[in-house]
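Construct all of the structure, not just a fragment, from the sequences and the given hints.
Number of protein chains: 2
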Amino acid sequence: MNLSDIKRVIIGEPFPNSAEIHERLDKVRALAVFASDPISSNAYATEAIMGILVLLGSGALQMTMTLAIGVALLVVMVIFSYIQTILHYPDGGGAYTVAKDNLGTLPSLIAAGALLTDYVLTVSVSVSAGVRAVTSAFPETNDYRVMMALGAIAIITWLNLRGVRESGTIFAFPTYAFVAGVLVVVVIGLVRHFGLLGVAPLPEHGFEVEAALTPVSQVMYIWLLLRAFSAGCTALTGIEAISNGIQAFKPPESKNAAKTMVAMGFMAMSLFLGISFLSTHLGLIPNEENSVLSQMAGAIVGRGHFLYYWVQFSTMLILFLAANTGFQDFPRLSSFLAKDDFLPRWLQNRGDRLVYSWGIVLLASIASLIVIVFRADEIAMLPLYALGVMLSFTLSQAGMVRLWGKVGRLAKGESAFTGVTTIHHENGWWWKRAVNFTGSLVTGVVFVILVATKFIEGAWIIVLAIPALVLLFHTINRHYNHVAEGLRTHNLKVTDLQSAADVVLVPIADIHRGSLRAIKFARRLSSNIRVITVVTGEKQREHILSRWERFPEVTAGADLVFIEYVYRDILDPLISYIEQVNNEEYPDDMVMVVVPEFIPESPVAGILHNQTARLLHLRLRQYEDIIIIQVPHHL
Amino acid sequence: MNLSDIKRVIIGEPFPNSAEIHERLDKVRALAVFASDPISSNAYATEAIMGILVLLGSGALQMTMTLAIGVALLVVMVIFSYIQTILHYPDGGGAYTVAKDNLGTLPSLIAAGALLTDYVLTVSVSVSAGVRAVTSAFPETNDYRVMMALGAIAIITWLNLRGVRESGTIFAFPTYAFVAGVLVVVVIGLVRHFGLLGVAPLPEHGFEVEAALTPVSQVMYIWLLLRAFSAGCTALTGIEAISNGIQAFKPPESKNAAKTMVAMGFMAMSLFLGISFLSTHLGLIPNEENSVLSQMAGAIVGRGHFLYYWVQFSTMLILFLAANTGFQDFPRLSSFLAKDDFLPRWLQNRGDRLVYSWGIVLLASIASLIVIVFRADEIAMLPLYALGVMLSFTLSQAGMVRLWGKVGRLAKGESAFTGVTTIHHENGWWWKRAVNFTGSLVTGVVFVILVATKFIEGAWIIVLAIPALVLLFHTINRHYNHVAEGLRTHNLKVTDLQSAADVVLVPIADIHRGSLRAIKFARRLSSNIRVITVVTGEKQREHILSRWERFPEVTAGADLVFIEYVYRDILDPLISYIEQVNNEEYPDDMVMVVVPEFIPESPVAGILHNQTARLLHLRLRQYEDIIIIQVPHHL
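Sequence lines, in order, name chains A and B. Under my numbering, the residues of the first sequence are numbered 6 to 640, in order. Under my numbering, the residues of the second sequence are numbered 6 to 640, in order.
Just to be clear, a hint being listed does not mean it is correct.
The list treats identical chains as one, so a pair stands whether inside a single copy or across any two.
What the hints assert, rightly or not - Heads up, simulated DSBU-like pairs for lysine-lysine below, C-alpha to C-alpha not over 30 Å straight-line:
{"#": "1", "residue 1": "544", "residue 2": "344"}
{"#": "2", "residue 1": "498", "residue 2": "544"}
{"#": "3", "residue 1": "498", "residue 2": "12"}
{"#": "4", "residue 1": "498", "residue 2": "525"}
Hints were generated in silico from the structure; no laboratory data involved.
So, in structure tokens, the structure goes:
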């Protein structure tokens with residue numbers, strides 16, 4: 006069983022190129038697939054708000070609901086703004102595409118860098134939160150969080166390398182299971198809270214109300230409220246996913262996508278507001294070892310109840326599914342960037358199963374690293390999260406504003422500079438532009454708030470990472486342009502192509518079957534053959550010379566060059582000699598070096614042999630005008 | 006500053022081959038150098054005996070002195086037996102050489118394997134014991150033993166890679182410092198013990214005498230005494246070192262070496278018996294955190310006393326020096342074995358500083374591994390130790406018995422089968438033979454006792470390791486013989502050497518400056534040129550064809566072969582095609598493959614490029630009749 010067989014077993018049989026056809030999704034399944042990320046935010050978004058408010062004292066937790074409403078309003082606005090993009094870019098209008106078309110290269114790279122950071126965090130945060138759903142239910146597993154998170158990433162990576170179909174009905178299950186489970190718990194909670202149907206009322210507040218509010222200054226109070234609001238903005242992550250995947254919908258694609266987006270927003274926000282309301286009224290307090298969602302479900306139905314386990318288990322599943330969306334988005338965006346020469350080209354290579362294997366592996370590696378560094382604590386990661394997505398919202402909608410401007414000029418009969426996209430006349434451009442302008446402005450302001458309030462807690466990492474990524478994109482792009490220039494055939498004359506000089510150098514260690522075979526081959530290339538060998542004494546010289554003279558049919562006419570050397574590293578004198586021939590005797594041409602190389606039967610047997618030929622090969626590779634000819638000798 | 010410069014700073018400037026002249030040692034310095042290993046055993050040998058006796062109850066510790074005398078007698082016998090070898094092999098007569106000359110290959114390999122295991126353990130045990138000299142004096146450093154031991158190995162390795170001169174006067178210091186320090190302490194101890202000169206008597210027994218003896222059966226009692234004796238045999242390690250290094254002495258070499266050996270034995274055994282006597286009478290009890298030597302010095306002169314620190318510090322130094330002898334012996338013996346084709350040949354390559362660099366690195370790696378596995382606890386390693394050296398004593402002396410037999414037959418006028426060595430007439434061969442016979446017999450019996458008593462505690466590792474090593478030596482030897490056979494030029498006809506077929510294959514991905522340069526070069530090799538490229542669709546085919554036709558001066562007469570392929574891994578179809586040409590069209594000849602390879606400016610830039618040419622190269626290397634011609638293309 007060789008390596009290739011092992012790969013088959015793990016990854017599966019390769020797919021032919023023609024297999025790349027997307028199965029279209031109906032709205033019910035599309036909702037499940039695309040909504041997993043934003044809906045799964047409910048596992049931590051409320052808790053993130055409460056985690057900041059509690060710094061003001063447990064009494065301040067009463068503010069949770071107000072801030073949740075603020076976040077929900079922001080979501081509604083972003084969704085309406087994005088619907089414009091969806092309707093205008095039926096082929097998929099991610100922030101990178103929209104910014105590239107309408108704002109230019111730099112903004113598009115900023116959007117891409119921002120999104121990439123967020124996709125990585127989607128994986129780290131979702132997996133860590135998924136693991137916490139398990140450790141909240143079974144506290145004895147708490148010590149193994151990092152291991153469990155890394156294991157989950159490994160499994161998701163493996164599934165993606167095999168090629169997960171986004172369309173599978175199986176993917177609908179976690180989303181609806183989570184929505185149904187949480188919804189039932191929330192409804193029971195509300196019924197009990199308002200004392201309807203004569204059921205038992207909810208338990209008392211968990212915290213001491215007398216410890217109400219820590220006295221702080223007005224400025225500090227507003228600052229903490231802003232921080233809490235920023236923390237809640239993690240609920241917005243994943244909303245933009247639909248705009249990339251419009252082609253996955255059944256026709257009419259754009260309309261269906263837009264409707265699904267509205268349904269998704271409604272669903273996600275109902276749960277968010279429900280959870281926030283009940284958490285506040287139950288007087289829950291954030292606790293690292295028991296998530297707020299787990300506390301809430303426990304308080305309403307009891308920790309041993311079937312529904313409690315249902316909520317925890319479906320939370321884990323939907324979070325892993327959300328992590329999976331990172332595995333769809335990151336490799337896809339990387340491949341776009343690679344196609345435009347902003348990332349290494351191998352990121353656009355599809356593997357045996359037609360997935361962007363290297364993008365998947367790269368994402369898994371970075372996400373695992375983050376999980377390790379943050380000890381799988383998603384609450385600690387949240388300050389880094391949502392910044393990227395907010396910046397990409399801002400840029401993408403700013404691009405739309407620009408686009409509507411062009412449409413407007415076209416409507417007025419002016420000549421509109423169209424850039425790369427074709428502009429069609431469209432009714433109502435004016436109000437659409439206003440919607441996008443508002444969206445861009447508000448998300449821009451929120452982005453600034455996010456950066457400011459989360460900066461010390463970790464946002465600085467993202468503030469550094471995004472420009473660093475943009476710089477990387479530019480450097481890579483410059484390199485590829487430079488290479489393309491070097492490989493150009495435009496105006497190329499054949500005489501421009503360097504020729505090989507009429508000399509062959511054959512470095513050997515001894516005269517044996519392998520080196521004789523190489524010398525014999527060298528005769529084919531030139532009549533000027535120099536066999537070079539390093540000797541440390543007269544005895545060695547005579548030994549080689551006597552063997553040399555035994556094979557006149559092979560050696561006649563060739564020169565035997567002895568290099569005297571008093572040290573043991575024979576590579577240096579060989580390289581110096583070759584360099585000298587190359588630079589001084591034939592400065593304009595390429596020089597041929599025939600390397601007789603003994604190839605052992607197996608890598609293990611290779612350990613038993615001096616790797617001189619290998620090392621010589623490696624060092625000669627650095628010269629741009631040396632042709633290395635490897636004449637193998639096996640047994 | 007490149008890699009080579011860094012190497013210069015760390016290792017130093019290279020020495021020319023001619024620098025390899027040993028500075029001869031006078032007896033005082035020779036004693037210091039060669040005696041460090043056996044003398045340093047005093048740091049743990051007594052403790053090893055007591056560690057077993059204490060299992061019988063603290064009262065049994067009284068037996069320590071008796072067993073120490075037994076060990077000392079064994080040492081005396083081995084020394085007298087070895088002196089015969091020294092006088093007979095003035096060029097150096099290690100067990101491997103003596104066994105090879107007189108007993109044959111298999112016994113010599115067993116001796117070599119046994120010695121190699123022991124040399125590795127010399128390093129691990131000595132370094133660990135040296136670290137314990139420090140941690141006994143400063144208990145707060147006890148948590149860092151493993152780190153300290155690994156650090157010590159690293160420093161000794163570095164010194165050896167730079168090329169330590171065995172002859173340095175500086176090496177005499179630790180040995181004499183240790184001998185002097187321990188001797189003074191022992192003398193003070195004896196004076197106080199016997200109440201001479203009116204000094205204060207030694208403190209009372211540390212243990213409770215009433216807890217005297219655990220009642221055990223007679224058999225168990227004898228068994229434990231044998232175990233304790235075996236444990237004490239670690240005092241014998243390193244005795245054989247002089248027999249390898251006779252050429253380092255001033256003339257008359259053999260005589261001086263023999264005298265030095267006697268002096269060494271006397272010195273080592275005086276200390277051993279002195280320490281054993283006092284440890285017994287002081288009633289010391291082995292304790293992992295405070296070595297017996299440290300306890301003894303502490304009890305006699307007081308833990309804060311200058312002499313106490315002197316003993317501890319010189320103990321550490323002599324143990325590190327003893328570890329250093331492992332770094333002299335292991336690479337030397339490895340190089341002998343490599344020269345005889347029983348170990349990889351690179352073990353006989355001398356590095357820039359004329360030392361066996363790879364042997365040094367190999368030893369350091371294995372010794373470090375053992376230190377890690379045994380948590381730098383030398384007492385736990387001792388059951389593995391001394392077995393190898395005892396087996397090599399047995400074999401080496403058995404070889405001498407055989408040798409004296411030949412000398413005897415020569416004396417009687419019979420024709421003596423001389424084997425590889427020249428036999429001279431020598432007087433007194435009869436009693437010399439008796440000495441060696443007794444030596445061989447006794448060490449043989451002790452070896453069996455060692456294996457039996459230490460088997461469960463760890464000797465089984467050595468019992469497995471030695472045959473495994475012998476098997477390895479044989480396998481390596483067979484491989485080299487096989488290769489030598491394949492490279493033989495005896496009766497070689499030039500027509501036996503495979504020729505290259507009149508066809509050149511040029512795999513390319515696109516037509517650009519780099520691939521055109523390769524095709525142009527290919528024209529030089531043959532008129533039958535096939536440029537092969539994998540295409541996945543009509544568009545790609547047309548693109549390549551149109552560019553192909555733009556350069557008729559390069560492409561005219563060459564065939565352009567398109568391989569249609571529906572998967573993305575383009576290596577497979579290329580290799581299949583090349584394989585097919587090689588096997589079916591030209592089964593008897595070598596086939597030339599010209600690989601145009603883009604060489605990026607730096608390894609970092611290499612990350613940005615598909616490594617297809619590299620991978621193709623690696624896979625083609627496995628074919629024994631494919632000549633790979635690499636035409637580089639730089640920018």
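>> So, against the hints stated earlier in the document, which numbers end up violated here?
In response: When the structure is compared with the hints, only number 3 turns out to be violated.
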